[in-house]
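*Asks:* Take a look at the letters that make up each chain.
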Amino acid sequence: MKIYFEHLGEIEFDDNLILTFENGLIGFEHLKKFVLIKTEEDIFYWLNSVERPEYCFPLVGIRVIDENFPIEENHEAFAVVILNKDPLKITTNLKAPIYINQDTKTGFQKIIDNDKYPVDYQLFVEC
Amino acid sequence: MLILTRKLNEEVIIDGEITIKVISISDNQVKLGFEAPKNISINRKEVFEKVKESIQKAAEMKKEIPDNIKGVKPNKI
Numbered sequence: 010m011k012i013y014f015e016h017l018g019e020i021e022f023d024d025n026l027i028l029t030f031e032n033g034l035i036g037f038e039h040l041k042k043f044v045l046i047k048t049e050e051d052i053f054y055w056l057n058s059v060e061r062p063e064y065c066f067p068l069v070g071i072r073v074i075d076e077n078f079p080i081e082e083n084h085e086a087f088a089v090v091i092l093n094k095d096p097l098k099i100t101t102n103l104k105a106p107i108y109i110n111q112d113t114k115t116g117f118q119k120i121i122d123n124d125k126y127p128v129d130y131q132l133f134v135e136c
Numbered sequence: 128m129l130i131l132t133r134k135l136n137e138e139v140i141i142d143g144e145i146t147i148k149v150i151s152i153s154d155n156q157v158k159l160g161f162e163a164p165k166n167i168s169i170n171r172k173e174v175f176e177k178v179k180e181s182i183q184k185a186a187e188m189k190k191e192i193p194d195n196i197k198g199v200k201p202n203k204i
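Read top to bottom, the protein sequences are chains A and B.
First residue of the first sequence: 10, per the working numbering; consecutive thereafter.
First residue of the second sequence: 128, per the working numbering; consecutive thereafter.
Some hints could be false.
In silico DSS-like links for lysine-lysine, alpha-carbon gap of 25 Å or less [said to hold, decoys possible]: (1) A:LYS41 with B:LYS172; (2) A:LYS98 with B:LYS203; (3) B:LYS177 with A:LYS119; (4) A:LYS42 with B:LYS165; (5) A:LYS119 with B:LYS165; (6) B:LYS190 with A:LYS47; (7) A:LYS11 with A:LYS41; (8) A:LYS47 with B:LYS197; (9) A:LYS94 with B:LYS184; (10) A:LYS119 with B:LYS203; (11) A:LYS125 with B:LYS158; (12) B:LYS184 with A:LYS47; (13) A:LYS94 with B:LYS177; (14) A:LYS41 with B:LYS197; (15) B:LYS177 with A:LYS42; (16) A:LYS125 with B:LYS200; (17) A:LYS114 with B:LYS165; (18) A:LYS98 with B:LYS165; (19) B:LYS148 with A:LYS119; (20) B:LYS190 with A:LYS42; (21) B:LYS200 with B:LYS184; (22) A:LYS119 with B:LYS179; (23) B:LYS158 with B:LYS148; (24) A:LYS98 with B:LYS177; (25) A:LYS94 with B:LYS179; (26) A:LYS94 with A:LYS47; (27) A:LYS42 with A:LYS114; (28) B:LYS179 with A:LYS125; (29) A:LYS41 with B:LYS165; (30) B:LYS190 with A:LYS94.
Derived Cβ-Cβ restraints for the label pairs, each shown as a range [claimed, not checked]: (31) B:ILE141 with A:ASP124: 27 to 37 Å; (32) A:ASP124 with B:PHE161: 18 to 28 Å; (33) A:PRO127 with B:GLN156: 23 to 33 Å; (34) A:ILE27 with B:ASN166: 11 to 21 Å; (35) A:PHE22 with B:THR146: 37 to 47 Å; (36) B:GLU180 with A:ASP24: 26 to 36 Å; (37) B:GLU176 with A:THR48: 31 to 41 Å; (38) B:ILE145 with A:LYS94: 41 to 51 Å; (39) B:LYS190 with A:GLU135: 18 to 28 Å; (40) B:GLU173 with A:LEU97: 46 to 56 Å.
Since the hints were derived computationally from the structure, they do not count as laboratory data.
Predicted model only: the values in this text are computed from it and were never measured.
Note that beta-carbon positions come from the ideal geometry of N, C-alpha and C, so glycine has one too.
Based on the provided sequences and hints, a complete structural model is requested.
*Replies:* Right under this line is the structure:
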């Protein structure tokens, strides 16, 4: 499948890489099909809608910031990122992680009922 | 809006498969218990709204990639 993504340009990918989110994302329940893209030099993943290529969500692997984050069996946990030109202002949403199973090519988002995980966790600190 | 009156320990059933039970009642708080199929998500509405706003903002800010991320490290929990 070949799609022109507004943000990433034209990308050709195998149909069997498409991830199905049965319930969509929170606030974007109508989006069910995505591709997860990461370029070598990029530190962020891009969860791009196949149905509406203009919708793209930057993600970060949660293991980078929290090794004890709640897991789901056979899934990898990602957090949605709110980008900013100033890296110190970039935040991640730990309240509503996205879990992806690369074997079954499925994913879902859920809200963690724990005050420890905010919607706007600062991603970087100064070295 | 449908309004039903329920007493302590009484339940409501939605669509034959989602039950909501009144667990306890105090002056200005009720505790509710939910039973639903795994694919039904149940959340406090104000938290849901906050998450929704944040996901929308992430989609809007996708182009604000920093020119470089030198001098910073992941903010570990």
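*Asks:* For a C-alpha distance cap of 25 Å, please report whether LYS41 (chain A) and LYS197 (chain B) respect it.
*Replies:* At roughly 35 Å apart (the allowed maximum being 25 Å), LYS197 (chain B) and LYS41 (chain A) break the hint.
*Asks:* 27 to 37 Å was suggested as the range; check whether the CB atoms of ILE141 (chain B) and ASP124 (chain A) agree with it.
*Replies:* Given range 27 to 37 Å: holds, Cβ gap about 28 Å.
*Asks:* Just to be careful, I want the Cα atoms of LYS148 (chain B) and LYS119 (chain A) compared with a cutoff of 25 Å; is the pair within it?
*Replies:* Within the cut-off at roughly 23 Å; holds.
*Asks:* Need the status of pair LYS177 (chain B), LYS42 (chain A): alpha-carbon distance at most 25 Å?
*Replies:* holds (24 Å)
*Asks:* Could you check the hint for me, namely that ASP124 (chain A) and PHE161 (chain B) are 18 to 28 Å apart, CB to CB?
*Replies:* Hint holds: Cβ distance 20 Å, inside 18 to 28 Å.
*Asks:* Are the Cα positions of LYS190 (chain B) and LYS42 (chain A) separated by 25 Å at most?
*Replies:* holds (21 Å)
*Asks:* Between LYS179 (chain B) and LYS125 (chain A), is the straight-line Cα distance small enough, at 25 Å or below?
*Replies:* holds (18 Å)
*Asks:* Does LYS172 (chain B) sit within 25 Å of LYS41 (chain A), going by the straight-line distance between their CA atoms?
*Replies:* holds (22 Å)
*Asks:* Does LYS94 (chain A) sit within 25 Å of LYS190 (chain B), going by the straight-line distance between their CA atoms?
*Replies:* holds (9 Å)
*Asks:* Within 25 Å, alpha carbon to alpha carbon, are LYS158 (chain B) and LYS148 (chain B)?
*Replies:* holds (8 Å)
*Asks:* Is LYS11 (chain A) within 25 Å of LYS41 (chain A), Cα to Cα?
*Replies:* holds (18 Å)
*Asks:* Is the hinted range of 37 to 47 Å satisfied by the C-beta distance from PHE22 (chain A) to THR146 (chain B)?
*Replies:* Holds: the Cβ-Cβ distance is about 43 Å, inside 37 to 47 Å.
The structure is inconsistent with the numbered hints 14, 18 and 40, although it conforms to all the rest.
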